[in-house]
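**Student:** This is what each chain is made of:
4 protein chains.
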Amino acid sequence: MSRIGPGPPQDADTSRLETFADGVMAIAITLLILEVKTLPDVPGSRLAAAVAHQWPSYAGYVVSFLTIGIIWVNHHHMFRLIERTNHAFLMLNVVFLMTIAALPWPTGLVADHLRDSGRTVAAVAYGVTMECIAIMFNVVWRYAAKDKRLLDPRVDAAALDRASRNYLVGPVVYAVATLVALVNAWASLAIFAALAVYWLLPGTGPRSSLLVPPEEGAKGELSTG
Amino acid sequence: MSRIGPGPPQDADTSRLETFADGVMAIAITLLILEVKTLPDVPGSRLAAAVAHQWPSYAGYVVSFLTIGIIWVNHHHMFRLIERTNHAFLMLNVVFLMTIAALPWPTGLVADHLRDSGRTVAAVAYGVTMECIAIMFNVVWRYAAKDKRLLDPRVDAAALDRASRNYLVGPVVYAVATLVALVNAWASLAIFAALAVYWLLPGTGPRSSLLVPPEEGAKGELSTG
Amino acid sequence: MSRIGPGPPQDADTSRLETFADGVMAIAITLLILEVKTLPDVPGSRLAAAVAHQWPSYAGYVVSFLTIGIIWVNHHHMFRLIERTNHAFLMLNVVFLMTIAALPWPTGLVADHLRDSGRTVAAVAYGVTMECIAIMFNVVWRYAAKDKRLLDPRVDAAALDRASRNYLVGPVVYAVATLVALVNAWASLAIFAALAVYWLLPGTGPRSSLLVPPEEGAKGELSTG
Amino acid sequence: MSRIGPGPPQDADTSRLETFADGVMAIAITLLILEVKTLPDVPGSRLAAAVAHQWPSYAGYVVSFLTIGIIWVNHHHMFRLIERTNHAFLMLNVVFLMTIAALPWPTGLVADHLRDSGRTVAAVAYGVTMECIAIMFNVVWRYAAKDKRLLDPRVDAAALDRASRNYLVGPVVYAVATLVALVNAWASLAIFAALAVYWLLPGTGPRSSLLVPPEEGAKGELSTG
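Chains as they are written, first to last, in my numbering: chain C, 1 to 225; chain L, 1001 to 1225; chain Z, 2001 to 2225; chain R, 3001 to 3225.
If we strip away everything but chain C, and leave its shape as in the complex, we get:
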């Protein structure tokens, strides 16, 4: 932790950053349940209907939970390639975490307004937050990929380029889903839900391509000494 290596002192190993990022993501993901109301004032005879009626809250909980979970897995993958940090990289990660920690708010907004005419505003707020997360994820990755001193020296250039290209899928599809919200909020939210489920599946999306397909991984971009 307090190790001071022979390198420039502003560089440090990534363990404390990973711990902090994991902490923020773990808290943001767990706070999502606070957006689901416990209905203390509903009379017992109407509780079943009231519990059923707030299904948008459960759907929002599941979609946002899976989304943050997928981001955490991606962050986990990304940091297997990153060996050191510096001041600017830490700050970019703080801004990235700021976008993730904000997600409980638009999730609650969508859950509360999915059935009234506010759903377009809520869906746009949700989409803009997701877009910010996706953009900051790319900014963090590109900063590390550009500054070779932060990376594991065994990562090769072709793999970096492939990962950088693949990570761009996130901002593009989220931007499309957000624009769709202006026309049809339901369609937009369905896209976000479908993406969360799709990226959950094995072998899909940008996050599995960070380290190229498993079958060629060990020899692909890492010259494992």
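It is possible that some hints are incorrect.
Stated by the list, open to error - Here are the simulated lysine-lysine pairs, DSS-like style, with alpha carbons at most 25 Å apart: (1) Z/Lys2037 / L/Lys1037; (2) C/Lys37 / Z/Lys2037; (3) R/Lys3037 / L/Lys1037; (4) R/Lys3037 / C/Lys37; (5) C/Lys37 / L/Lys1037; (6) Z/Lys2037 / R/Lys3037.
These are computed hints drawn from the structure, not numbers from a lab.
With chain C fixed as given, assemble chains L, Z and R onto it according to the hints.
**Tutor:** Then chains L, Z and R, alone, in the frame of chain C:
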């Protein structure tokens, strides 16, 4: 953390997963207290009665806290046998954590409606959440047990089978308790409370059998080199 | 993390327990701020008075924060002597954490009722929670001290006895403070506040005596090889 | 974790303190989103206006998030020079964390009252909290810098003095910003926002000077063996 071993790059050590899972479980368990109201608007002269009246909140706090605590201990035991992760295993753990992080919601529902006619709905919601947790715990375990590359190579097959059989106790008894709620919510909740206390005791339940009885443990399923 | 030593498999190193305990204590301590109201409905012209009026909330925040902080430091000290865990020890720690995580509730109760006739009930609830924390701290310690396999082998018996005696100060003084609440709630809460400040000072109270006075520490109870 | 070195037993490595501090900072930073309301009772047709109207909440979220993030980065830098802890140092860190964990409260106060006449009170409360954070950061640092046994022995005196001088910038500028609030709350809050953005930039402020300018770092104050 950012170590890249000679194995396939999609596999990684489990420390960051354990940290994230511990974080989510620690937060979910601590958020339970937010379901216990602080009664700011009760006049002082009636505070004693109001504090006594909300005993279902305290009972819910204790039962859910112990349950998440027991799950954490089991997760801890399970990961002593698991050495590596892959993408699908991380995702299964995210879904598992999603079920645990949801527990504060049905806990609050039960506490708020234990004394009105909504108690059946609340008890069923509690039971379904518990059943989801138990099922996902088994899914996570069976995925790891099936893919030998994730396990400590010293764990033998007989021990795995025994653990897999014993872990099934959870989903079965929680399913029974949930079905009982349809007939009698009090009986159902009493079963959940009794299970939490029972599994707290030394030498009981599925979680202690993961690594066979202590007396035969060291030689039992581990060929300790 | 997933290391399996030659010892009995139900014993394990303490790092994951310490991480989980630190997580719960960090969350409980930080949730305390949620008991301080942000007064959204107070008109601007009366905000100064309203902010001043809720001084019991600030006092409660400070006293409970320092108390959990002191418990964390003590837990930290205790675990420097504990090398391994077993199932029962993990479960005792879960129960111990359950008492700490409950502290935001009586803190809010005291803050809300310090100026009405509910203050006796609130002070007793606060005292009972503190007493439970102190008792469970002793239970956790005594379990570890009794089972020599959990301890660092270099800790000697005289030091253990001295620590065990000193830790008893907590339950005794908290029991006295709780009983005082039945006569005078203000006096009781003043004792809890004074203890939090007193134990904050260097060289005071039971927590510094765990490892005997510094001047004789290195040679005292540890035969440092 | 439970390592007991040959030194005095009241000294210990800093990893558990760093974990706890990271936990508290990660939770405080993530709880900030709870101060942003989800507007459940606003009719859908007025949601856009209501979402726009609560811009002070978003501004408060961003400024406080960046501020805690910058403090975390600074804490991270500071602990690269600190190798050991003792009881008093742990307690000072607890008090430091108490000031950080309080920040969600004045943030909510400012967000709720930025547009009514309560803004002066809110801005002063915000400034006083920030000043307490900055002062405690300096107290923690100066305690470690004074007691050479806590520091990495390779840190030289000139670097310590430079860091101590530079860290004083925080309390001074925050004190000025707090005093400005008495005259003009908007100007005060603008200063806090500007400082958060300014310190986010690479190569600015006290936190980057802890380890002297990068170009001379490796040979500057560390005699890297």
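**Student:** Hint by hint, say whether it matches the structure.
**Tutor:** Hint-by-hint comparison with the structure:
Taken as a hint, the lysine 2037 of chain Z and lysine 1037 of chain L pair is honoured in the structure, with Cα atoms around 14 Å apart against an allowance of 25 Å. The straight-line distance between the Cα atoms of lysine 37 of chain C and lysine 2037 of chain Z is roughly 20 Å, inside the 25 Å bound, and the hint therefore holds. Between lysine 3037 of chain R and lysine 1037 of chain L, the direct Cα distance comes to roughly 20 Å. Compliance with the 25 Å bound is thereby established for this hinted pair. About 14 Å separates the Cα atoms of lysine 3037 of chain R and lysine 37 of chain C, which keeps this hinted pair within 25 Å; it holds.
Only pairs whose Cα atoms come within 25 Å are accepted, and lysine 37 of chain C paired with lysine 1037 of chain L is accepted, the gap being roughly 14 Å. Among the hinted pairs, lysine 2037 of chain Z with lysine 3037 of chain R is consistent with the structure: their alpha-carbon atoms are about 14 Å apart, no more than 25 Å.
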